[in-house]
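A.B. asks: Residues per chain, in single letters:
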Amino acid sequence: MSDFVQRCREEWKRLGVSDALIEEMATDLASDLNEAEADGVSIEELLGRSAFDPASFAATWAAQRGVIPPAPTARRQTFFRKPLTLGALVFVVLFFAALIGSVLIIRAAPPTLGFRRAAAPSLRLLPGAGQPLPGQPLVVHAHASVSAVPLVLLLLLLGITAAGITWLWTTRTRSRPPSPPV
Amino acid sequence: MLDLCLLAVIDEEPAYGYEMTKRLRARGLAFVGEGSIYPLLGRLEREGLVETHRAASNGGPPRKYYQPSSAGRLALALGVSEWRAARDAVDAVLAPVTLEVAT
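Chains as they are written, first to last, in our numbering: chain A, 329 to 510; chain B, 5 to 107.
Quick caveat, the hints were computed from the structure, so don't treat them as lab data.
Just so you know, even glycine gets a beta-carbon here, dropped at the ideal spot from N, CA and C.
Each hint should be verified, as a subset may be incorrect.
Here are the computed distance ranges between Cβ atoms for each label pair [to be verified]:
no., chain 1, residue 1, chain 2, residue 2, range
1, B, P100, A, R335, 50 to 58 Å
2, B, E51, A, R335, 38 to 46 Å
3, B, P100, A, N362, 31 to 39 Å
4, B, R88, A, R335, 25 to 33 Å
5, B, L82, A, A348, 17 to 25 Å
With a cut-off of at most 20 Å between alpha-carbon atoms, the simulated EDC-like pairs for lysine to aspartate or glutamate come out as follows [claimed, not checked]:
no., chain 1, residue 1, chain 2, residue 2
6, A, K341, A, D331
7, B, K26, A, D367
8, B, K26, A, E365
9, B, K26, A, E372
Next comes chain B alone, as it looks inside the complex:
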């Protein structure tokens, strides 16, 4: 699931590793650390789902920017479709559940 999130944030705009972390944290995925992002980016790169290029960052050293390849965009579209189907199915099961808290 995290690979979908990464593809989604770099599909909006190319980003380097730490920048992706900041974008994900800004949307509530604060548990995501570089420790899990770097191996994942490595796998996405090996599978040809992302393309990279080097460019200067804001006043810092040149960084490695990632963006989805055409295969990555296809994988993102399929993944999002599957995720929405699964989410709707789970919602249908959990919707009737009412929570009562005993006091």
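Extracted from the complex, chain A is given alone in its bound form:
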């Protein structure tokens, strides 16, 4: 029986249970096993199948009592590891990048919007070709600053897409069934 208790000690130590708790549980277990032995009760009668698997017995007991520290791999999520936070951050960054980019472009070259009449190709060889002539169709001309609009829309679209994918991924992760208790 002392070998069984020793194996339990080793398992608790491996699981990171504090020395004080190991000593407490091992002492209680050893006392009970000794008393049972004195009563003529074997360890197999007392523990059933657990008598052949001290590691599992010790792990289950410690887990049920809640004395196993969190596993090293199960690190707590920091601010940037939270998927929803990260998605929102990406969205905000892209949004403001688009906003600031638009402002800078517009300030560098104020948009102008004008109308002039299209020149007929047949008149380009003549003096004064290219000047609007009465009766020709109007064509709208705009400066390059207007081309910032698609960029803004693209960045916004990327931000919304990133936020949407993150939200879907988070929802799927949360909807998974919890793992059964040990």
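Please build the complex by placing chain B on the supplied structure of chain A, with the hints as guidance.
C.D. replies: Just chain B now, with coordinates in the frame of chain A:
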């Protein structure tokens, strides 16, 4: 169900692990081993349903005695009530059944 049985036996008088096993065996629950009692006691302790204290046993080393806390007594009362309701319902279903053994 075993947690109710444990709470019931330590509600009569505080007991340590092996002593609970002996009390349960004396009432017919001989299949109960320490292997299932210890994790269960650990859970009851974690959930605050039992209180513990150390005291000397009969000529042996100090043992860890368990007794129900106030929350444990409430859980015991509710559990027993639910168990009796379930037992009565099952009895009502099984009562008309007559067994005939062919020879």
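A.B. asks: Each hint needs a verdict: does it hold in this structure or not?
C.D. replies: Verification of the hints:
A hinted range of 50 to 58 Å holds for the C-beta pair B:P100 and A:R335, which are about 52 Å apart. A hinted range of 38 to 46 Å is violated for the C-beta pair B:E51 and A:R335, which are about 27 Å apart. For the pair B:P100 and A:N362, the supplied restraint of 31 to 39 Å is violated, since their beta-carbon distance comes to about 51 Å. A hinted range of 25 to 33 Å for the beta carbons of B:R88 and A:R335 is inconsistent with their spacing of about 42 Å.
Restraint check, B:L82 to A:A348: a C-beta distance of roughly 34 Å breaks the suggested window 17 to 25 Å. Of the pairs offered as hints, the one joining A:K341 and A:D331 holds, with about 15 Å between alpha carbons and a cut-off of 20 Å not exceeded. At roughly 10 Å between alpha-carbon atoms, B:K26 and A:D367 fall within 20 Å of each other, so this suggested pair holds. The hinted pair formed by B:K26 and A:E365 meets the criterion: a straight-line CA distance of about 13 Å does not exceed 20 Å.
For the suggested pair B:K26 and A:E372, the alpha carbons sit about 15 Å apart, so the restraint of at most 20 Å is met.
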